[in-house]
Amino acid sequence: MAGSTLEIKDLHVEIEGEEILKGVNLTINGGEFHAVMGPNGTGKSTLASAIMGHPKYEITKGEVKLDGEDVLEMEVDERAQAGLFLAMQYPSEISGVTNSDFLRSSINARREEGDEIPLMKFIKEMDATMDDLEIDKNMAQRYLNEGFSGGEKKRNEILQLMMLKPAIAVLDEIDSGLDIDALKVVANGINKMRSDEFGCLIITHYQRLLDYITPDHVHVMMQGRVVKSGGPELAQRLEAEGYDWIKDELGIDDETVGQKA
Amino acid sequence: MAKKAPEVGDYKYGFHDRDVSIFRTERGLTENVVREISRQKDEPEWMLEFRLKAFEQFHSMPMPQWGGDLNELDFDEITYYVKPSEQSERSWDEVPEEIKQTFDRLGIPEAEQKYLAGVSAQYESEVVYHNMEKELEEMGVVFKDTDTALRENEDLFREYFGKVIPPSDNKFSALNSAVWSGGSFIYVPKNTKVETPLQAYFRINSENMGQFERTLIIVDEGASVHYVEGCTAPVYTTNSLHSAVVEIFVKKDAYCRYTTIQNWANNVYNLVTKRASADANATMEWVDGNLGSKLTMKYPAVLLKGEGARGMTLSIALAGKGQHQDAGAKMHHLAPNTSSTIVSKSISKQGGKVTYRGIVHFGKKADGARSNIECDTLILDNESISDTIPYNEVLNENISLEHEAKVSKVSEEQLFYLMSRGISEEEATEMIVMGFIEPFTKELPMEYAVEMNRLIKFEMEGSIG
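Read top to bottom, the protein sequences are chains R and E. The C-terminal residue of the first sequence carries number 260 in numbering that gives the first Met the number 0, and the numbering is unbroken. The C-terminal residue of the second sequence carries number 464 in numbering that gives the first Met the number 0, and the numbering is unbroken.
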């Protein structure tokens, strides 16, 4: 089987009674890298959190399906077990739980009881992946994200991505707060994941991440919808010209949500 | 429990002398009861007098009006002394199913379950114990139950007994002083380092888990010892009052750590007075885990009497439905350059209530003294309650005091994060709670830490949703 398919259809999402997403349509297949771009406040992160099932976000309309299965009916952990992954913009800090214990629990959560990952195999794999991401080895024994710098947190998200090997990953502004060297390292890690078995939705409002990861499809979000889609050339044009030409083309004054087109 | 439990065949019930020594005092507390306890134990006259005086003080003192609710505590309903052989008459069938299930879940061997549930009065771990006993004897360490120590080491005993916690200290120390029975007595000679933690658990004495036990520890100059009492298994008792007194003397340059993990049945009032005195450059550490009980009131104290003395209290308290843990610490800085640390971790769930209550006192002589207080509370749901009540008394300007209090809930964001990696809500909550108490569990001897984790997991089951 050549990877999974995540289908988002006419997705409407509210937070505390305010509609943020107003009908998003996107399909991500295994083997494809999609970039969702757009200025701040256009609903990109809401899309990411809603796909993963953050309890604050209420889905009022539309559907999300993974290989035909209704994702919206699943609990957050079930979504992860079905093959979804979200690299978060602001990962939580959990005191007293080591990074490596957490990672091992996460891997084992997807495996049957009695079929847990052997400890040595886990350690080897984690060591190798940490090397790939140029992460200091002692991070394995530090408490989960506690006292991590912004850059360390982002690398840690990608470490989890690479260890958990999801079918479809959503990366929410994984580039924010990274200097150029760290950005390259993170991009390398993501590029290593490329295969027919892996689909990825990269959310960013900087074009610079896309200098290192070439997306197959680029989407622009404004006012809680995907307003334009294209190939990698769209990202290049955005880099060169910014977003204004799209706003002009579509007659949008204010691109943030809460504004009527 | 993960300790070196003996084979089932190795232990026997403690019925051998029942025909001669069955004895149980009448319910309620009278002077006669106190006299009878002393007579049964064949104590010296001075101890009887000590008890009688304490008994009077107990009667004249009012019930504490602070802390937890003691209104339902009825002193007339309590049996104050039961001779060991009598205690063993409870049959296994009388032990509630709930307690048995907990034992099973904790993986405690059956022989040990019976001991813990009070079905067998003796839990013989003779081999292990005797090896250790021999070693200790060679070092000159005295480690025995308090009643035996009174008989065999009377002079030493008398020099220290009741000196750091006089009967008149509070109503419950007066009560304990009047009716005490069992407990541990430890003396560590000068410059002697006891490497292995001493565990009450290994002692062959049915009374060591008693209601009114009395523990007295003397760590002589330059010596060190770690004493561990209790275990994570629920202590099943039909008696509803546990009121112990623990007195510790840490001499110059000596070190003492006292670790307690107790998990009382939820009908028990657990009202314990623990106090240590620390001489110059001595270190006293209380590591105190409070689970179960209906109400716990316990504030381990250190009197920092000598220059440079150090005190620490590291405690956790977990309160569930219908439970109130009113716990904390007291540090009295009475000499220059003394230092203290208080770390209190509380968890409340399902309507439980946790209170941190503490005193840090800096006396006039406490130049250069320092204290650090950290109180963290984790509240698991909206019905549960937490309170932090710190008192600071500062009579010297040249001191430093830091206090940090934090109350947190298991946050939606943390749960979402863990669950987004495939971890179930229950496991995620458990991870957060275990992480919260990790600073405590990492201080425990390994086997206790393992048990503690198992127990917390067990306590957390059914807390979600």
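If you're looking for bench data, these hints aren't it; they were derived computationally from the structure. Hints should not be assumed to be uniformly reliable.
[Said to hold, decoys possible] Quick list of in silico lysine-lysine cross-link-like pairs, DSS-like style, CA-CA up to 30 Å:
1. LYS136/R with LYS152/R
2. LYS227/R with LYS246/R
3. LYS55/R with LYS456/E
4. LYS183/R with LYS8/R
5. LYS64/R with LYS120/R
6. LYS120/R with LYS456/E
7. LYS320/E with LYS251/E
8. LYS164/R with LYS456/E
9. LYS364/E with LYS408/E
10. LYS120/R with LYS441/E
11. LYS162/E with LYS408/E
12. LYS227/R with LYS8/R
13. LYS405/E with LYS152/R
14. LYS55/R with LYS320/E
15. LYS320/E with LYS192/E
16. LYS152/R with LYS52/E
17. LYS136/R with LYS191/R
18. LYS456/E with LYS152/R
19. LYS320/E with LYS456/E
20. LYS162/E with LYS136/R
21. LYS55/R with LYS405/E
22. LYS441/E with LYS143/E
23. LYS152/R with LYS408/E
24. LYS40/E with LYS133/E
25. LYS152/R with LYS123/R
26. LYS162/E with LYS192/E
27. LYS55/R with LYS162/E
28. LYS123/R with LYS441/E
29. LYS164/R with LYS191/R
Problem - Non-conforming hints, listed in increasing numerical order - result: The structure conflicts with hints 4, 5, 7, 9, 11, 15, 16, 20 and 27, although it agrees with all the remaining ones.
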